[in-house]
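Trainee: One-letter residues, chain by chain:
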Amino acid sequence: MIGAEFPAVLHRAQHGDEHAFAQLWRDLNPPLLRYLTVAGDPAEDVAADTWASVVKGLARFTGDETAWRAWVFTTARRRAVDAGRRRRREAEHERDWQPWPAFGAEPVDPAVVVIDRRDTAAALALVGRLSPLQAEVVALRVVAGLPVEEVARIVGRTPGAVRVAQHRGLHRLRELLAGPGVTPDAAATLRHP
Amino acid sequence: MRSVFRLPGSTRRPTGQAAPPEDAVEAADPGLADLVAALTAEPAAHELDGFEQPWSAYTAQFPPGGPTGSTRRRTPMPIGRLGARAAAAVGGAALGLAATAAAVALSMPSGPASAPLAPAATAATPSASPSGRGPDATGPAAHGLCTAWSRHRANGSTEALDSPPMRNLAAAAGGAAGIEAYCAGIEHPGKGRPDQPGQQGRDKGDKARDKDKDDEKGKPTTTPGTSKPKATPPAKPPKTPKPTASASPTPSTSPSPTTSSPTPSASPTG
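So the sequences go chain by chain: A and B.
First residue of the first sequence? That's 934 in my numbering, and the numbers climb one at a time after it.
First residue of the second sequence? That's -4 in my numbering, and the numbers climb one at a time after it.
So that you can see chain A by itself, here it is in the shape it has in the complex (with noise of 0.2 Å):
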């Protein structure tokens, strides 16, 4: 988040200033990087088509520093989205064509998963087992440290049920750190015999 300075950073950015929009492409690239991952798509492809849009809308924005993040996040869902498309339509034109594995999402072995403060990509992965509503939840909630009301829209359901999803998704990943046919409650008592 940059802040306070927000509402300044932006003005600058909406005047031609191009570190202001340094700044804000900084401060937004690497959530919306995980935030694409945990979805599946090329990350990197769909970042860049989301920078574009943004380019293209900035002018125009107007809002807190929580309403652009929305902004950039719903942007970059909808450019996942067309990307998605884009991909299923080649696919049907092309025989030969081959799905290949999307960015980040190599399986990660439960029995072996240790969260280090420094692996970022193993948690993306983690999250990326949930279902999609819960991962996509967890990771707008999380990685994009956006409120309820704005994640609710963006993932086009209630405020209760992202609560719900995100009460799930946070369940989910508890027991898939605690390793498989472990409970929580058992691996507290291993801990703690």
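Incorrect hints may have been included.
What the hints assert, rightly or not - Which residues of chain B face chain A? A few of them, derived with a C-beta cut under 10 Å, are:
{"#": "1", "residue": "V31"}
{"#": "2", "residue": "T35"}
{"#": "3", "residue": "A36"}
{"#": "4", "residue": "G45"}
{"#": "5", "residue": "W50"}
{"#": "6", "residue": "T133"}
{"#": "7", "residue": "L156"}
{"#": "8", "residue": "P159"}
{"#": "9", "residue": "G173"}
Stated by the list, open to error - According to the in silico footprint, chain B covers these stretches of chain A (three or more CB under 8 Å from chain B):
{"#": "10", "segment": "948 to 955"}
{"#": "11", "segment": "1014 to 1020"}
Because the hints were derived from the structure by calculation, they are not lab data.
Beta carbons: idealized from backbone N, C-alpha and C, even for Gly.
Assemble chain B onto chain A, guided by the hints.
Mentor: Just chain B, lined up with the frame of chain A:
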């Protein structure tokens, strides 16, 4: 696929009330703390790659000296010489993170490319108001300042317009002529306004109303998340300037663009 969904009669929490505690992700047990930390860790180097394409799109949309370009002199980004990632780091640094700029300067290989970064470090302006007194017009006081400004203007009080708070506002807006536009971008806390044409049904007014008062209290992450660029990615040798797309806007051969950062008494350019 719907991107807008509002239940009729869905409640808005009264301003100032905190989000319910079960909203907060950190309410989960400590076992998830590492996962959340990994998801919100500082940017990795590869996540700050690929700035050239957005930068090209930006300068095409906001050409220097064009109708939407800044009317005041900008420090061009040294993107061709330093490479996109370092240029984005400098761009972030020039907005007030002197320590980051100095770190980048120290870690860059010696040579002409590193020369502009040291002056940028010393010229980087803090985010406090340039005159050192009066409210900071780039912060939350902006709206109050804008209200006062339009009142002074309506009353024709030229003296009031010259007070330190009004001068701070002019500085934040890049000059007295820019105040009107700057204030147009400052949203009244609680006032709604559509922010994008063509967003059918998307009611940004609701978003604006409940945005910062109650939702910020329910912000999910405990960590600052992908926050300010305090730790710059390790430097790489400057990429050779590409012949297309990412050429620096000015064809100067001297790597001096960031030395011309304005002094703190002028408008705080990025």
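Trainee: Give a verdict on every hint.
Mentor: Comparing the hints with the structure gives:
no.	hint	verdict
1	V31	holds (6 Å)
2	T35	holds (6 Å)
3	A36	holds (5 Å)
4	G45	holds (6 Å)
5	W50	holds (7 Å)
6	T133	holds (4 Å)
7	L156	violated (20 Å)
8	P159	violated (18 Å)
9	G173	holds (8 Å)
10	948 to 955	holds (count 8)
11	1014 to 1020	violated (count 1)
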